[in-house]
Each structure stands twice: as structure tokens, then as C-alpha cells.
Amino acid sequence: MSTAQYVLSDSWEMTKRHLRQIPRIPELFFFSLIQPIMFVLLFRYVFGGAVRTPPGIDYVQYMMVGIFAQSMTFATAGISTGLADDLQKGLIDRFRSLPMARSAVLIGRMGSDLVRNLFVAIVMIGVGLLVGFRFTNGFWGGLFGIAMLGLTVLAFGSIGAWIGLSVRNAETANIAGMVWLFPLTFTSNAFVPVQTMPGWLQAWAKVNPVSIIVDACRGLFIGPPQFAVFPAVWQALAWCVGLIAVFGFLAVRQYKRV
Amino acid sequence: MTDNVIIAEGLVKRFGKVQAVNGVDLAVPAGTVLSVLGPNGAGKTTTVRMLTTLLRPDGGRAVVGGHDVAREPDAVRKIIGLSGQYAAVDEYLTGRENLDMFGRLYHLPARAARERAAELLARFRLTEAADRPAKTYSGGMRRRLDLAAALVIRPRILFLDEPTTGLDPRSRLGMWEVIRELVHEGTTLLLTTQYLEEADELADEIVIIDHGEVIAQGTSDRLKAQVGGERISFTVGSAAMIPKASSAVLAVTDATPEIDQETLTVSAPVAGGTRSLVAVVNALDAAGIEAHDLGLRRPTLDEVFLSLTGRRTEDEQEERD
Ligand SMILES: Nc1ncnc2c1ncn2[C@@H]1O[C@H](COP(=O)(O)OP(=O)(O)OP(=O)(O)O)[C@@H](O)[C@H]1O
Ligand SMILES: [Mg+2]
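Taken in sequence, the protein lines are chains F and W.
Oh and the first sequence: position 161 is 161 in our numbering, straight run, nothing missing.
Oh and the second sequence: position 4 is 4 in our numbering, straight run, nothing missing.
Rather than coming from a laboratory, the hints here were simulated on the basis of the structure.
A quick note: this is a predicted structure, and the numbers were derived from the prediction, not measured.
Below, in silico cross-link-like pairs of lysine-lysine (BS3-like), each with a Cα-Cα straight-line distance of 25 Å or less:
hint, chain 1, residue 1, chain 2, residue 2
1, F, Lys89, F, Lys16
2, F, Lys256, F, Lys89
3, W, Lys135, F, Lys89
4, W, Lys78, F, Lys16
5, W, Lys17, F, Lys256
6, W, Lys135, F, Lys16
7, F, Lys256, W, Lys78
8, F, Lys89, W, Lys78
9, F, Lys256, F, Lys16
Please model the entire structure based on the sequences and the hints provided.
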């Protein structure tokens with residue numbers, strides 16, 4: 001087999017490892033769903049009435065897409081904690097002492113987390129449908145929207161990989177992968193329109209990558225006339241690819257160094 | 001020598017200000033066992049990590065199985081097995097799944113990996129627990145699984161970092177047995193330990209390191225002779241008895257005994273084995289001293305240190321903390 005084939009087969013072996021863990025730690029999957037579901041209930045029924053949405057758009061449409069995107073960014077903590085735990089337990093050392101492809105540990109981790117978060121996304125879409133969310137941009141819009149969510153997992157997962165390999169301690173990694181996500185996602189347009197924020201915050205919220213990703217998702221899931229697909233999708237793609245490139249590079253460098 | 005399969009020359013590793021390894025030389029002939037012995041923080045793990053391609057040395061070089069670890073790390077990884085200081089297996093996978101995964105990562109064909117996993121599980125008495133997550137294993141079982149994982153490809157060269165630390169005496173004996181078998185089959189082994197007794201049991205040659213430097217080297221017998229071989233030790237009922245006990249021992253052994261005031265323990269090197277033991281018992285009896293826990297034992301790593309460096313290992317720990 002060639003090197004490229006080894007990258008594939010070793011990555012698949014690592015992906016399998018993580019996928020097997022999911023049903024064996026059901027509580028982890030369960031609790032990773034609880035939080036976004038609570039946000040749905042909170043924003044749909046508690047804060048929802050107070051938010052002024054753009055004309056012609058129901059708040060449930062508006063905030064559900066925000067929650068889809070937000071719950072994908074939480075992939076960061078899962079990946080950072082998992083990698084730090086592997087490091088702490090000496091598993092990374094073992095993998096690095098094997099003649100396996102070096103990239104497989106990171107690829108396998110990201111690949112399996114992508115699968116896991118797509119499950120989360122599907123459950124969240126189901127919850128959304130229950131509380132009144134509707135796809136209004138057709139089948140392809142919805143499908144590309146889900147693909148955009150997947151890309152978000154990889155982008156934020158790369159940040160998580162770098163954090164996990166840098167802090168080397170599972171508890172710290174869990175917190176370090178999480179704390180900044182709340183301010184980041186809440187100072188975006190995920191839950192409230194940017195226009196209702198104070199001026200200084202608007203400036204930030206408009207350039208916040210979460211806003212840009214949410215915009216693209218709204219374009220794909222809800223669609224025009226309220227939400228344009230382009231250029232939002234291009235901007236979001238650029239952000240995601242950029243994050244993957246930068247943090248992927250940093251994570252690989254850190255992996256070689258640990 | 002050409003038949004050394006593990007060679008280190010002047011290995012150096014720094015972590016910031018800490019000089020973890022400071023010019024270590026090692027040479028392990030094919031089919032033999034070298035034990036690297038040292039207290040906490042001596043640089044054992046760091047040395048092993050450099051030899052197994054996990055860390056790049058800051059200085060010096062190492063050749064394992066004919067391949068330079070810095071220049072041909074992949075070639076080295078294909079022929080070595082490593083079992084690190086902490087049992088590194090996936091807790092949520094079963095024993096079988098773990099071994100199967102490692103086999104696949106060594107690029108064995110699927111079937112070969114599966115068969116090898118079953119073989120190793122049987123050999124390490126894990127067949128019954130094979131389909132339970134490793135999380136449910138005892139410390140000893142986990143350690144055996146970890147060692148099994150290092151043996152997936154039947155490596156010619158094996159590195160074991162403190163393989164018995166944290167095991168109860170029975171599991172330790174079991175582990176020793178397995179290690180002896182491997183050596184019997186011709187595996188070259190580098191093993192680190194904090195226990196002189198373990199090095200004594202398993203190794204052909206012992207290297208003692210401290211502060212990243214080799215401070216003594218030789219066969220077990222030679223090192224023991226250097227620190228005075230066997231020791232007699234016993235405790236007395238009260239501090240008042242120590243002077244009398246001490247002079248009774250001195251009279252027989254010709255060596256000023258070492259006294260631990262806290263535990264009321266008296267110990268001294270003896271040359272004559274059980275004959276010396278009997279002589280000391282008689283001398284104590286004559287002096288009217290009742291001794292407890294009396295017996296012969298090998299010197300501990302602590303005593304080896306004391307005699308080699310003039311200081312105890314714990315003193316150092318305290319200094320550093
Ligand atoms: N990654 C690291 N970063 C910083 N310092 C380190 C690192 N690894 C080891 N050290 C330091 O290097 C020194 C040697 O550590 P090492 O782990 O090699 O010792 P050891 O002999 O294996 O000890 P132990 O018996 O406790 O396992 C210690 O002072 C340790 O704190
Ligand atoms: Mg160590």
C-alpha cells in the first residue's frame with residue numbers, strides 16, 4: 001500500500017475507534033443535546049416574544065438556524081477534551097510510536113466528531129420542526145445548509161484540536177474549549193438581529209465569523225427574499241476554510257511537538 | 001561493538017530550564033536486558049521517549065536496530081514495541097478491539113490482526129475479559145493489555161517504562177514471568193524501573209541514572225558489591241536501646257550501622273549471609289536486646305543512592321519541591 005492509502009486506512013481505524021465510543025458513553029451524547037434543546041425552549045418561549053425580527057420572518061425560523069450553528073461550534077470542546085485526554089493517558093505517545101500515518105489521529109478525531117455532530121444536527125432539526133421551524137428553501141437548500149453545518153464542525157473542531165494539544169489536560173481543555181464560545185456566539189446574529197444591538201457591539205457582531213456562518217445557513221435553510229444565499233455562503237466558506245487551514249496547521253505542528 | 005541493537009551516545013534533552021537528560025550513553029547487545037534504574041524525575045521516561053522516536057534529542061544520537069532515531073524514525077517504529085509508563089489503552093474499547101486496532105495500525109491485514117489479538121489475549125490470560133471495555137479491567141489486567149499491545153508485531157526490540165509500578169506483588173511476579181519468557185524468545189529489552197529488586201531479577205546489565213546522568217553501571221552483582229551487598233536490619237522497642245544495639249552490630253559486622261531514629265531501625269551491610277545473621281542474633285541476645293522484623297535484605301535503591309552519591313533520594317525531592 002502507498003502512503004496515501006495508509007493515511008486513509010489509518011484514519012478510518014481511528015474514526016472507528018471514536019465512533020465505537022459514542023454508544024458506550026451514551027450520557028455524553030445525551031448531555032451534548034440537552035444544552036441546545038434548552039436554548040431552543042428558552043429562546044422560543046421565554047425571550048422570543050421580546051425580540052424584534054426582520055419584517056416578514058418568524059422568530060422561530062430566525063433563532064433555530066442560530067441554534068443549529070451554535071450547537072456545531074460546541075464541537076470545539078469535545079475535540080479539545082478528547083485529544084487532551086489521549087495525551088494525558090499516554091495514548092498519543094503510543095500512536096506516535098507506531099508506524100501509522102501521523103495525520104490519522106487528527107483526521108480520525110475530526111471525522112468521527114463530524115459524524116457525531118451531524119447526528120446532533122439532525123436531532124436539533126427534529127426539535128426545530130416540533131416547535132414550528134420550517135425549511136423554506138427547498139431540498140437542496142436544506143442539504144447544503146447541513147453541509148455548511150458540517151464545515152462549521154471542522155472549522156471549530158480545528159480550533160479545539162489545537163487547544164487540546166496545547167493545554168494537555170482534559171479538564172482544562174474542556175473549559176478552554178468552551179468559555180469563549182458563549183460570548184462569541186451570543187455577540188453574533190444567532191439569536192438577535194444585529195440592528196438591535198448598541199453601535200459598538202454592532203461593529204463587532206457584523207464581522208463575527210459566527211454571524212457570517214449563521215447568515216450563510218439562513219440563506220440556505222430559509223432563503224430569499226429575507227436571506228440571500230450569496231455572497232453569505234462564499235464568505236462563510238472562506239472563514240471555515242481559513243480557520244481549518246490556520247488551526248489545522250497549528251494543531252499538526254503541536255501534535256509533532258508534544 | 002556491532003551487535004548492540006540499542007545504542008545511545010551522549011543523549012541530551014532539556015525542557016526549558018530543566019536538564020532532563022544530560023549526556024546518557026547506553027549500549028544493549030542483541031538478546032539481552034538492560035535496566036535503567038533511577039528515582040522519580042531521573043530522566044528515565046525522557047530517555048525512553050527519545051529512543052522510541054517520540055522526542056527529538058537536543059544532542060547526541062541514538063541508533064535502534066541499526067536505524068538512527070532522528071533520521072529514520074519510521075524504520076525504527078516498524079521494529080520496536082513500546083509500553084509506556086501509564087497503561088495506554090482506550091478505556092472504552094474492549095481488550096480485543098484495542099489489540100485489533102493496534103494490529104491494524106501496524107498495518108497487519110485484517111485477518112492477521114484479529115488472529116494476533118486472540119493469541120495475545122490468550123497468552124496474557126485476558127480471554128475471559130476480552131469483550132469487556134478496558135475501563136472495567138484491574139490495574140494488573142490493564143498493564144497486561146498494554147504490554148500485549150506492544151507485542152502485536154512480535155518486535156525484536158522492546159521498551160518497557162516502569163512496567164510494574166503500581167502493581168500488587170502477585171501481579172508483579174506475573175509480569176516478571178511474562179517478561180522473562182519474552183527475553184527467552186530472544187527479544188532485546190530496555191526496561192526502566194525504580195526498584196533495584198526488579199532490575200536485579202530481570203536485567204543482565206543495570207544503568208543507574210540520576211539528574212539525567214549515568215552515575216553507575218554494571219551487572220547487578222557488581223553494583224551490589226559496590227554498595228555493600230546484603231544488609232541486615234531490625235527494629236528495637238525504644239530509642240534507649242539503640243546505642244547498645246548499634247555496638248552489638250558493630251562488633252559482628254565491622255561496619256557502623258545506619259540508624260533511623262524515627263522508625264527505630266538499625267541496619268548494616270553484612271558479608272556472610274545467614275552466618276552473619278546468626279552472629280548478630282546471638283550478639284543482640286547476649287546484650288539483652290529484643291529485636292523485631294529482623295532479617296537480611298538486598299539494599300534498596302535508596303541505599304544504593306546513599307552509597308553512590310552520599311545523599312538520599314527523598315532529600316533531593318524535598319530540595320526540589
Ligand atoms: N514534557 C516535559 N516538559 C517539561 N519538563 C519535563 C517534561 N517531561 C519531563 N520533564 C522533566 O524532566 C525531568 C525528567 O523527567 P522524566 O519523566 O524523564 O523522569 P522519570 O525518571 O521518568 O521519572 P518518574 O520515575 O517519575 O517517571 C523531570 O524533572 C521532569 O519534570
Ligand atoms: Mg517516568
